[in-house]
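K.L.:
Below are the chains, spelled out letter by letter.
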Amino acid sequence: MIGQLLLNGTVSGLLLALPALAVSLTFGILKFPNFAVGGSLTLGAYAGWVFNTQLGFQIVGASLLAAATVALVSVLLDVAVFGRLREQGSIALMVASMGVSLILENLCRFVFGNATRSLDVDVARPLRWAGLRISHEQIVTAAAVLGCLVLLHLVLRTTPLGRAMRAVADNPTLAAARGIEREVIVRLTWAIIGLLTGLAGVLAAIDRAVEPLVGWSYQIPVFAAAILGGLGSPLGAVLGALAVGLSEELATLVVPTSYRQAVSFAVILLLLLVRSQGLLGARAVRK
Amino acid sequence: MTAYLVTILVIVAIATLVGLALNFQWGCAGLVNFGVAGFVALGAYATALLTPVVGWFAAMLAAAALSALLSVFLALLSIRLADDYLAIVTLGFGEAVRLVLLNEGWLTGGALGIAGIPRPFASLIAPEHADFALLGFAVALVGIVYIILEALVRSPFGRVLRALRDDPVVAASLAKPVLILRIKAFAVGGAVMGLAGAMHAFYMTYIDPSQFTAITTSYAFMAVIAGGRGSNTGLMIGAGTIMLLLEGTRFLKDLIPALDGAQIAALRLGGVGVGIVLLLLLRPQGLLREPQRKAASLLADPERADAADPSLPASHPQEI
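For the record, the sequence lines run as chains A and B.
Residue numbers for the first sequence follow this note's numbering, so the first one is 1 and each next one is one higher.
Residue numbers for the second sequence follow this note's numbering, so the first one is 288 and each next one is one higher.
For reference, chain A alone in the conformation it holds in the complex (with noise of 0.2 Å):
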């Protein structure tokens, strides 16, 4: 039983890592809570149902240009939006990207529609193993999430790109001076950002369905999680989402499960209170 639940627990907070990634990077390199990544996810999840079912890709491919897809509207949002609000503060981008969501939730809303649509995903038979109930999706979460951190793990500490953002990251002013072309690395930081919420857009249709609010409900639990491991920190993001998508399991067996969506909002609570800077992370306390 406890066991089951720590599996189910650990793929979910899995599912939770890529968003939680993307959020951390969002704020590491330009330093506001990106709210765009519940719309993102919804976009993500709508992108692979057309690529999947309308346009008859199997499911990996659908997935990979759900992701490029994503990607693709994440750089042009940031010409057309965050770009220009970069002057004005990280309110107006944090408010903008609210608005955002809001614009990409029920884009999909208007040409979709409200009803609830599935993943054309092969059904099969869960393993059983050491007396654990291992879905087919579960695998598939946990392989694809697991290969995206090692793949952009490899980007970040090994690669001249990787190199520059975490320079932007640390001290713009400086990044600048030595060269590093500051919109370049911050177009392609949005690039990744879209394909690790667009991929996790799939993943979440997988795991639900597709519906305009699939985005909306991983919302807190990214958050939480990506302040758990201290905003800004990849690894502590990665972690976060494991100790959100564990307790929000665990939770179920002392709390009814309607109150599942509320156990985030608890951890972050408890977090503030206890550490607010997070398990990884720079202190943010301003006053």
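Incorrect hints may appear among the rest.
So, partial list: chain A residues that the calculated Cβ filter (under 7 Å) puts toward chain B [what the hints assert, rightly or not]:
1. Arg84
2. Gly99
3. Leu102
4. Asn106
5. Gly113
6. Ile220
7. Val255
8. Tyr259
Simulated from the structure, these hints should not be mistaken for laboratory data.
The beta carbon of each residue, even a glycine, is placed where N, CA and C say it ideally should be.
Starting from the known structure of chain A, fit chain B onto it as the hints suggest.
P.N.:
Below, chain B without anything else, positioned relative to chain A:
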């Protein structure tokens, strides 16, 4: 037709109250609250539950007090951190309130909500004039709240809030208790949101959790951005215009019959998103710029103060 007009005006009045509250928190004090709907819902439910027991006046006071109390609680937890944390915590709070309202059926009626909420002065007024009387009540409430908030904004308290919104370090170095001031400002806004919720409950006489969603919060943000952050007069104009425009979308169904209900809802909410983004991009200062009250304009002779004014926007870029 008159009945419809009265309905719209009451809705505009409620939205104006919510907008005034957010304008105080965000426009004046720089505190972003993404949980507006949660605070309004708290006020509405407190009013609905308490009015039959203690009467409408005490119930409204309790609604304001409860909302203010929870504002203080959230502010205490997160306000010493960067702005971003308050936004995230209030967003979570809004969702948590919705879950409690849905799941604690013994108190809130769950998804069915609470019906038959008594209105103030109901026994004194003939039923056919009830909506009209409530409009008068709502307008009076907006007037009172406007006067109080405007007085607060002009008071030393409001001045310090604007100062610490623009630069908390300077305010702190002048020995202003930044933390306490922010908490007070957040509580004032929360109390007004509670009152707006009370008004909502009185008007609808029936409330359920679906009436308090992201839409309530988004409208308030758009009203504040449109009106001009920090300007209460601009906010009233902004909130009025936006609610009239949104009410106008009800007629879209007659104009374009091909649209279904979900599409109209998507157009309304997506339109608010587009409005927020476009206003931030194109007219960040809003309809009416926050009035710049300078000591110099009070002390120096009026002509020189006027001559100095046009340079203000350039030297004081609007801080948001």
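K.L.:
Determine for every hint whether it applies to the structure shown.
P.N.:
Okay, the hints, checked on the actual structure:
| no. | hint | result |
| --- | --- | --- |
| 1 | Arg84 | holds, 6 Å |
| 2 | Gly99 | holds, 3 Å |
| 3 | Leu102 | holds, 3 Å |
| 4 | Asn106 | holds, 3 Å |
| 5 | Gly113 | holds, 5 Å |
| 6 | Ile220 | holds, 5 Å |
| 7 | Val255 | violated, 10 Å |
| 8 | Tyr259 | holds, 6 Å |
In this structure, the one hint that does not hold is number 7.
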